[in-house]
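Sequence order for the protein chains is A and B. Mapping of the first sequence onto our numbering: residues 1 to 369, in sequence order. Mapping of the second sequence onto our numbering: residues 1 to 369, in sequence order.
Think of the hints as simulated: they come from the structure by calculation, not from any bench. Do not rely on the hints blindly, as some may be mistaken.
[Unchecked claim] Pairwise CB distance ranges, derived in the manner of DEER restraints: (1) A:S56 - B:E356: 55 to 61 Å; (2) A:G253 - B:S113: 49 to 55 Å; (3) A:K184 - B:E32: 45 to 51 Å; (4) B:E62 - A:D216: 52 to 58 Å.
[As the list claims (entries may be wrong)] Straight line, CA to CA, 20 Å or less: simulated SDA-like cross-link-like pairs of lysine to any residue: (5) A:K232 - B:G183; (6) A:K152 - B:D150; (7) B:K167 - A:G183; (8) A:K167 - B:S113; (9) A:K232 - B:S113; (10) A:K174 - B:G183; (11) A:K152 - B:K153; (12) B:K184 - A:S148; (13) A:K184 - B:E172; (14) A:K167 - B:L114; (15) B:K167 - A:L180; (16) A:K152 - B:R118; (17) B:K152 - A:S148; (18) A:K184 - B:K174.
[As the list claims (entries may be wrong)] Non-contacting residues of chain A with respect to chain B, defined by C-beta distances greater than 10 Å in every case (computed): (19) D140; (20) S146; (21) A151; (22) N235.
No residue lacks a Cβ here, since even glycine has one placed at the ideal position from N, Cα and C.
The chain contents come next:
2 protein chains.
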Amino acid sequence: MEDQIDPWKNFDVKDYDGICKQFGIEKFPYREMKDSPTFMRRGLVFGSRDFSRVLSCIKKKEKFVMLTGLMPSGKFHIGHKMVADQIIYYQNMGADIYLLVADIEAYNMRDKSLEELRKIAVEEYLVNYIALGLNLKKCDLYFQSSRSEDAKKSNAYYRLIGLVARKVTANEFKAIYGDLHPGKMISSFTEVADILHPQLAEFGGPKPVLVPVGIDQDPHIKLTRDVASRMKEFNFVPPSSTYHKFMKGLSGGKMSSSDPYSYIALTDTPEEVKHKIFKYAFSGGQDSVEKHRKLGGNPDVDIAFQLLYYMFEPDDKKVEKIREDYKSGDLLTGEVKQIAVDKISAFLKEHQKKRELARKQVEKFLSSS
Amino acid sequence: MEDQIDPWKNFDVKDYDGICKQFGIEKFPYREMKDSPTFMRRGLVFGSRDFSRVLSCIKKKEKFVMLTGLMPSGKFHIGHKMVADQIIYYQNMGADIYLLVADIEAYNMRDKSLEELRKIAVEEYLVNYIALGLNLKKCDLYFQSSRSEDAKKSNAYYRLIGLVARKVTANEFKAIYGDLHPGKMISSFTEVADILHPQLAEFGGPKPVLVPVGIDQDPHIKLTRDVASRMKEFNFVPPSSTYHKFMKGLSGGKMSSSDPYSYIALTDTPEEVKHKIFKYAFSGGQDSVEKHRKLGGNPDVDIAFQLLYYMFEPDDKKVEKIREDYKSGDLLTGEVKQIAVDKISAFLKEHQKKRELARKQVEKFLSSS
Numbered sequence: 001m002e003d004q005i006d007p008w009k010n011f012d013v014k015d016y017d018g019i020c021k022q023f024g025i026e027k028f029p030y031r032e033m034k035d036s037p038t039f040m041r042r043g044l045v046f047g048s049r050d051f052s053r054v055l056s057c058i059k060k061k062e063k064f065v066m067l068t069g070l071m072p073s074g075k076f077h078i079g080h081k082m083v084a085d086q087i088i089y090y091q092n093m094g095a096d097i098y099l100l101v102a103d104i105e106a107y108n109m110r111d112k113s114l115e116e117l118r119k120i121a122v123e124e125y126l127v128n129y130i131a132l133g134l135n136l137k138k139c140d141l142y143f144q145s146s147r148s149e150d151a152k153k154s155n156a157y158y159r160l161i162g163l164v165a166r167k168v169t170a171n172e173f174k175a176i177y178g179d180l181h182p183g184k185m186i187s188s189f190t191e192v193a194d195i196l197h198p199q200l201a202e203f204g205g206p207k208p209v210l211v212p213v214g215i216d217q218d219p220h221i222k223l224t225r226d227v228a229s230r231m232k233e234f235n236f237v238p239p240s241s242t243y244h245k246f247m248k249g250l251s252g253g254k255m256s257s258s259d260p261y262s263y264i265a266l267t268d269t270p271e272e273v274k275h276k277i278f279k280y281a282f283s284g285g286q287d288s289v290e291k292h293r294k295l296g297g298n299p300d301v302d303i304a305f306q307l308l309y310y311m312f313e314p315d316d317k318k319v320e321k322i323r324e325d326y327k328s329g330d331l332l333t334g335e336v337k338q339i340a341v342d343k344i345s346a347f348l349k350e351h352q353k354k355r356e357l358a359r360k361q362v363e364k365f366l367s368s369s
Numbered sequence: 001m002e003d004q005i006d007p008w009k010n011f012d013v014k015d016y017d018g019i020c021k022q023f024g025i026e027k028f029p030y031r032e033m034k035d036s037p038t039f040m041r042r043g044l045v046f047g048s049r050d051f052s053r054v055l056s057c058i059k060k061k062e063k064f065v066m067l068t069g070l071m072p073s074g075k076f077h078i079g080h081k082m083v084a085d086q087i088i089y090y091q092n093m094g095a096d097i098y099l100l101v102a103d104i105e106a107y108n109m110r111d112k113s114l115e116e117l118r119k120i121a122v123e124e125y126l127v128n129y130i131a132l133g134l135n136l137k138k139c140d141l142y143f144q145s146s147r148s149e150d151a152k153k154s155n156a157y158y159r160l161i162g163l164v165a166r167k168v169t170a171n172e173f174k175a176i177y178g179d180l181h182p183g184k185m186i187s188s189f190t191e192v193a194d195i196l197h198p199q200l201a202e203f204g205g206p207k208p209v210l211v212p213v214g215i216d217q218d219p220h221i222k223l224t225r226d227v228a229s230r231m232k233e234f235n236f237v238p239p240s241s242t243y244h245k246f247m248k249g250l251s252g253g254k255m256s257s258s259d260p261y262s263y264i265a266l267t268d269t270p271e272e273v274k275h276k277i278f279k280y281a282f283s284g285g286q287d288s289v290e291k292h293r294k295l296g297g298n299p300d301v302d303i304a305f306q307l308l309y310y311m312f313e314p315d316d317k318k319v320e321k322i323r324e325d326y327k328s329g330d331l332l333t334g335e336v337k338q339i340a341v342d343k344i345s346a347f348l349k350e351h352q353k354k355r356e357l358a359r360k361q362v363e364k365f366l367s368s369s
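Next up, chain A with everything else stripped away, as it sits in the complex:
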């Protein structure tokens, strides 16, 4: 299936198999992942490092950690949903979730105070996470700017950043990241410490940690694994990772928070969804109805079909029927778009109801913590 359909093939990475071979990334065993999100079992998560360790924990019901970060910026859209769905999936599979809010990163890049960024993180991200099914009470949620309300934990976490910095040479850093900007360095060492710190004594000691990332984040992962092996006194288990392909934007280019017409936000109204899909979603159909009936459409590049395939039509039979009918010309572009609009709108309607409940929950959670 993956060889047939790859809406991301023409995006940043052209050859995922080549990338895997080149960087020693293993295939992701997506067929083994029970009850996994639609995009996962349809191959959007394509690669991994040391994932067998995590798979073994899941099978044996042993403890492991899944860690991911969020950057509080702009609207929560379907690209973010893909990350959220993975968090929720691994939580259901028994992972302890570490959820970091990269507020210092955001503070550095945007003209907002830490207080404002905290508000965005809560209202845009956490509310959506909960509405999508995350049990926030069972997560270790933290802000980079203040790791914990337990000073022992905070001290251990920040201390680790300092120790990591002293394990990396300038040449090594330059080879990985291209230059030696101090801000970039501190970001990178903080990311390494984020991934490793669940294994500190103050956080329960060594254990498998999974970090699901885009392929562009692999340099961080490799650096973290290298540094971990140098810090022998900590007995770190080398962290595991998975790699997902990026969601394409509506017009076929990059999905970007700064361009609202490149994504569907989880707060979009049915009208906005309809407008965006019909007006902006790149079509694999032909120029005219006559030509389309004769030649058929190309689901491999049709964004409306991709949205159905990877996210909004989990039923295998139904989605294959749509694919075949589109290819044969029985289904017109507008008809596929309408199916996508209906499915997405139905999802959003339910989701937005859940958001209202989630909002109350998150406010309660944050005021009590």
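Starting from the known structure of chain A, fit chain B onto it as the hints suggest.
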């Protein structure tokens, strides 16, 4: 007086006036410093930045902070005493003392655990500080590896390191420090945050902060003052600094923790003091008694005399009499050395008694904090 006697003139820095002019360092108003340590009122502290701000606080009895660090390594010697005497002096002048133990730095350079380094800091440094007169209870003593037992304070301190890193460019760093080693960077940004953090809201907000340092530390001070001016949201008062000359080692070279014959340790016995002064202290005397009686000695290069002048003979009349008698040849090298040995031994005898009392106090302090 300063122009006459400068045991440090031939050490690292040859021309302190030139250095001051070159780097825009102001003279230190040592004649205005009431009840100051002998070395201070005799000109060993030679330069300053923005010191008038601190002087005004002292005169008006307004709050200010004095911050200094200690690196737990080896024996506590008379070079360290000079720093301790400054801390105690400013504490008596009304300063809130911030005392940082650079355990992460030491950890990085030495083959010792953080636990061992903590022990050295306590037994070698804190015990001596207290015995010399420091009121440790009134100090904010902290370890780099765990800023505070109050998570709000710890988070604010470590957050500041991250924010500082993002305010410095690679070119700027390279211009100051010569290269871009990640460990060096994190050390430097930690030092900047150390100096600035007493002004964070969590530590009581903006206020004058004084950092007494050796001239070799001025790059840190300048960087800190630059960074402070860029972080407008914090309203930092530019930190003040003073600069002292370095204590020369016994043989006239560098005083070094790794060479026990270059210093007098505050735990040395009278026999060790006698042995070190008579055997190793560089003499300004002549080759023979006859020649010495005729030509006299040179107190400007005589280490035994320097020890008396800057530290162990606070009485102005007495020390000037020794100087004149040595210059005239009335006092022989051995006689000046014996005066120094007697004075130092008497001081150490008293000090070592105080150490025993101090030890109990520091153990009590640390177990209660």
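Quiz item: Does the structure keep K152 (chain A) and R118 (chain B) at a Cα separation of 20 Å or less?
Solution: Measuring from Cα to Cα gives roughly 16 Å; hence the hint holds.
Quiz prompt | Whether the CB-CB distance between S56 (chain A) and E356 (chain B) falls inside 55 to 61 Å | solution = Holds, at about 58 Å.
Quiz prompt | Pairwise hint evaluation, K174 (chain B) against K184 (chain A), where the allowed Cα distance is 20 Å at most | solution = At roughly 15 Å apart (the allowed maximum being 20 Å), K174 (chain B) and K184 (chain A) satisfy the hint.
Practice problem: Given the hint that K152 (chain A) pairs with K153 (chain B), test it: the Cα-Cα distance must not exceed 20 Å. | Solution: 12 Å, holds
Quiz item: Given the proposed pairing of K167 (chain A) with L114 (chain B), does the C-alpha separation stay at or below 20 Å?
Solution: 16 Å, holds
Practice problem: Below or equal to 20 Å on CA atoms is what counts here, so check K232 (chain A) against S113 (chain B). | Solution: Status holds; Cα separation ~13 Å.
Quiz item: Should the label of A151 (chain A) as a non-interface residue stand, given a Cβ cut-off of 10 Å to chain B?
Solution: 4 Å, violated
Quiz item: Between K184 (chain A) and E32 (chain B), is the Cβ distance one that fits in 45 to 51 Å?
Solution: 46 Å, holds
Quiz item: Per the hint of 52 to 58 Å, is the separation of the Cβ atoms of E62 (chain B) and D216 (chain A) within bounds?
Solution: The hint (52 to 58 Å, Cβ to Cβ) holds, given that E62 (chain B) and D216 (chain A) are roughly 53 Å apart.
Self-check item: 20 Å Cα cutoff - pair K184 (chain B), S148 (chain A)
Solution: Violated, at roughly 27 Å.
Quiz item: Given the hinted pair K184 (chain A) and E172 (chain B), is their alpha-carbon gap at most 20 Å?
Solution: Judged against 20 Å, a Cα distance of about 15 Å means the pair holds.
Practice problem: Could you grab the alpha-carbon distance between K167 (chain B) and G183 (chain A) and see if it respects the 20 Å cut-off? | Solution: It holds: about 8 Å lies between the C-alpha atoms, which stays within 20 Å.
Going through the hint list in order, the structure does not satisfy hints 12, 20 and 21.
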